[in-house]
Amino acid sequence: METNNPKEESDSDGRSSVENGLMLSNIGEPDESFDRLTITRFCLDSAGEAIFWIEANAHIVYANETACRSLGYSRQELLSMTVHDIDPGFPKEAWPEHWAQLRREGSFTIESVHRAKDGRTFPVEITVNHLKYGSQEYNCAFARDITERKQVEEQIRVSEQRYRTLAENIGLGIAHVDVDHNIVIVNSAVGAMFGRDPYEFVGRKCYTVFERALGACHNCPGDEAIRTGRPAEMEAEGVRSDGSRFPIRVQAFPLFAADGTPTGFIEVAEDITERKRSQEEIEQFFNMTGYMACVASINGCFTRINDSFEQALGYSREELLSRPYLDFVHPDDKERTIAVGEENLAKGDQVIGFENRYRCKDGSYKWLSWASRPVVEKGITYAIAYDITDRKLAEEAAQETQERFSDFFMNAPIGFHIFGPDQVLIDINQAELDMVGYERDEIVGKKKWTDLIVPEQRRQFEKQWRDITTKGDAKNFEYTLVHKDGYRIDVILNASSRFDEQGNLMNTRGSVLNITARKHAEQARNRLIKELEAKHKELESVLYAASHDLKSPLVNIQGFGHELSQCCDLIRSALAGKEKCENLGKAVDIAINEDIPNALDFILTSTKKMDALLSGLLDVCRLNTTAVKIGLVDMNTMMADVTASIEYQIANAGATVEIERLSACLGDPSQINRVFTNLLTNALKFLSPSRPGRIRIDSRNRGNQSIYCVEDNGIGIAPEHLEKIFEIFYQLEPGSGRGEGIGLAIVKRTIDGHNGSVWAESKVGKGSKFFVALPRA
Amino acid sequence: MDKGIAILIAEDDAGHFQLIKKNLWLACVNNDILQFKDGQQILDFLLKTGDGPHMDETKQYIVLLDVRMPKVDGLEVLRRMKDNDKLRKIPVIMLTTTSESGMIEQCYGLGCSCYMVKPVDYHRFMEAVQSLGKFLSLEGLRLPSIRPSGN
Amino acid sequence: MNKDGVILIAEQDHKHFDMMKQSLLRSGVSNKILHLADGRRTLDFLSDVTQPPDGEHKSRQYILFLDVDLPEVGGMEVLEKIKADEKLSKVPIIMLTATDDPQTIDRCYELGCSTYMVKLAENDDLEESIKKIGHFLSVVEIASIE
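Protein chains in written order, with the numbering used here: chain F, 35 to 811; chain V, 3 to 153; chain L, 6 to 151.
Treat the hints loosely; a few may be bogus.
[Unchecked claim] Below are the DSS-like pairs computed for lysine-lysine, each with C-alpha atoms no more than 30 angstroms apart in a straight line:
(1) V:K50 <-> V:K88
(2) V:K23 <-> V:K50
(3) L:K37 <-> V:K88
(4) F:K585 <-> F:K620
(5) V:K23 <-> F:K585
(6) F:K585 <-> V:K88
(7) L:K136 <-> V:K24
[What the hints assert, rightly or not] Just some of the chain V residues that point at chain L, by a computed CB distance under 8 angstroms:
(8) R90
(9) G111
(10) V119
(11) K136
Bear in mind the hints are in silico, worked out from the structure with no lab data behind them.
As the structure is a prediction and not an experimental result, all values here were calculated from the model.
Each residue gets a CB set at the ideal place from its N, CA and C atoms; glycine is no exception.
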């Protein structure tokens, strides 16, 4: 039906002619026109569109079936309504303008909204045509219900908006490119990525703009996508407007027309600078040597390992990736490794510090310490390990050293202890516990060093403590410990201190050496040395005395020997008749009868003297070598023996000997016998000629000694001699034949050897008393 | 030496005495020689005590003293002599077997004139005694008087 | 006298000293012989000797020949002072002087001199005398002063 250019036709009657007017213009014959009219009417009525004829006053003069149906009015109703009734958005005031526009333009299309009888509104597209039929002007309007179309439009709009929003906000660059690589449209992200206004891209070749390339990239993902029909991607470098480059990841999705011909592709570009950087960073970390990094899958294999992994274990990458990692774990550690995998990693818990052994290619094992981070959802675990073999070895060595030290500390034969900064005992070994006699729990944490030593040394220790806490050590201090049972132990303490980083005292460690035995030995040695020195001095003096006393006779021997030789010379020359002298005969006579005998006498006497002196000397010296056999000495029986043995001398001297009851003593019986024999014979020698000799022997006790007294009424001894008489060879009256002066010397030495003492008291002219003190029995 | 000077020899050993006397004679000492067998005897003589001979205060004396003597030893004699106002002037010559330095110092400390050791070797003995003799024979030798002259 | 001993001659006249020294040496004496020209020097020397040892006075044995006539301090005073000193009193002092006065002689013995020798006029005799004295010294024991 032509509606565009309605012919102006005159018509005889009203509406119906207008109705028909249109159709009539093309009809020739009136019969034919009735058919055609019916057909036309049918067409009009049945047209899919709602058709309205509207007069210039907006009244509806005709509405077709569709119109009625779409609005829900009857034809009658519609023919009584105006446009404004059915188009609520079209006010009466706007009608003149509309009609004017209609006249002007003849035909145009508008969108509006119709309201149905039931109040329902629906969008319509109305094409209005201006018709003049005779003098009447009509608006022939064709209205299409565009609800669906509107809906579709809305859907499309919404969809479009959705995609636009997405495209704009996705942060990814999205470009629509046609098959010739012309950019159709880009989103603003592309603009931002490349530093350009997005509109600059449109219409240009994608490779020019994105890569500043002269032709399409050889691996253009768009081409590939089109070719394969599936999305393709690549990584490339984009070039910004300022020339700087940045890495991008491009995905291309092919677009096809309905018939399957490619129309172009959508490119989604991602600025992967950050990602690349992150990746690089991760790569850096991942490949850091010294740390073994890996990714393992839930099925127990490594999926990715860094170089250090290979280097550390010596296997190749293929070897390590091809087998479950448990294959490499030390048999003793497998169970633990499995356990940690099941209990921790499988649950998504991080594991840090897990240690196990991995076998190296050469068969040796390395200790590794793991930090693992499972991502259960991905079924993988990220892990780093580092080689702690050295540390483990060091730990083992330290452990062994610790054990060795501990063993040593505990079992050493010398005492070890540790005191805290408050001087209280922290630790102590067995040897020192034994020294002090306490149990460990009696003193550890309870006692201080000062509690263990003798009280008088406490001050010394306080001084030493100052040294220990400041200088750090103290060496070779002697202390006396008091055993729990009360007896004393001499020790040497060596102490050293340990300080922390701030210089505060942490503890002092000391070694304690029991020197009691050594001290005793030292004391014994010193005593021995003193004894030896004393003995030596004595021997020296004996020798000295001897040498002098022997000189005297030697002077005579030499001197008179000379005389003898002179006499012989005289006689010789006389016999030889060489000398002629009156007195020669007399001289010879004197020589033979006086000088020679005289000289010989002196010589012989002197030799005897020397002999006696030497014997005496030997006697005294023999006292040194004879062992003293200490036993109980019954002095009464012994004195009886002595007096019996010198009975003759006693009788000869005309003396009497009285012996009181004597207490027993401890000594060597034979030597004691000699002592009293000497004392008695001495007494007998020095009796006074003016009275009968009386010798009395008694004893008394004093403390732990028995003191015996040999008293005589002889001539006595002058005070200046009283000490000297015990000296060897000292004679009160030399040459008087009263011995060689060794008797008393022997007495003294013997008694000294018995740890006793001997001394004399005397009054000249009255008598003497000799006292002997010996250990009481 | 002036004939009036007497030499007092306190020596317990008879043999020593003889040898000394002989060697003094060999050194041309012809003076009187008085022998004392122990310290007591010579003290008695000098202090004019006891039964034996007594000193003549108008005479001049030299004393030769052995250290080791019975009863009173030479050291004691020396001490007592030097303690005595009259006797201290008399020169005392120690003539003894002991060469012990302690003894020598003690004797000098007490004031002896000199100290001589009797050598065992007879030639040296002779030399020593004869040296002494020659020394005592020196013309220039002067001895003190016990009683100051003019009294 | 041992070989470390020192012979001191306190003598005013140097020529006399020389002569004496020569005679002593000829008698076989090998000891050091020192000349002290006056009493002051004599006393000073001996008091030095009692000080703690230094290189100079190593010897501990001394014998002194003392002339009565000495300048500065007279011989008698020297004798007295020496014999009064505890350490020096052990030094034997032989008076060797021209003075032949009995009182002086007595006094000297009283003060503790060893012997008194008069220097005789004739030189020959003096030399001989000194030689004999030298011989005598060689057989005599001297105490060490400490």
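Hints, one by one, checked against the model:
no.	hint	verdict
1	V:K50 <-> V:K88	holds (12 angstroms)
2	V:K23 <-> V:K50	holds (24 angstroms)
3	L:K37 <-> V:K88	violated (36 angstroms)
4	F:K585 <-> F:K620	violated (34 angstroms)
5	V:K23 <-> F:K585	holds (19 angstroms)
6	F:K585 <-> V:K88	violated (35 angstroms)
7	L:K136 <-> V:K24	holds (23 angstroms)
8	R90	holds (7 angstroms)
9	G111	holds (6 angstroms)
10	V119	holds (6 angstroms)
11	K136	holds (5 angstroms)
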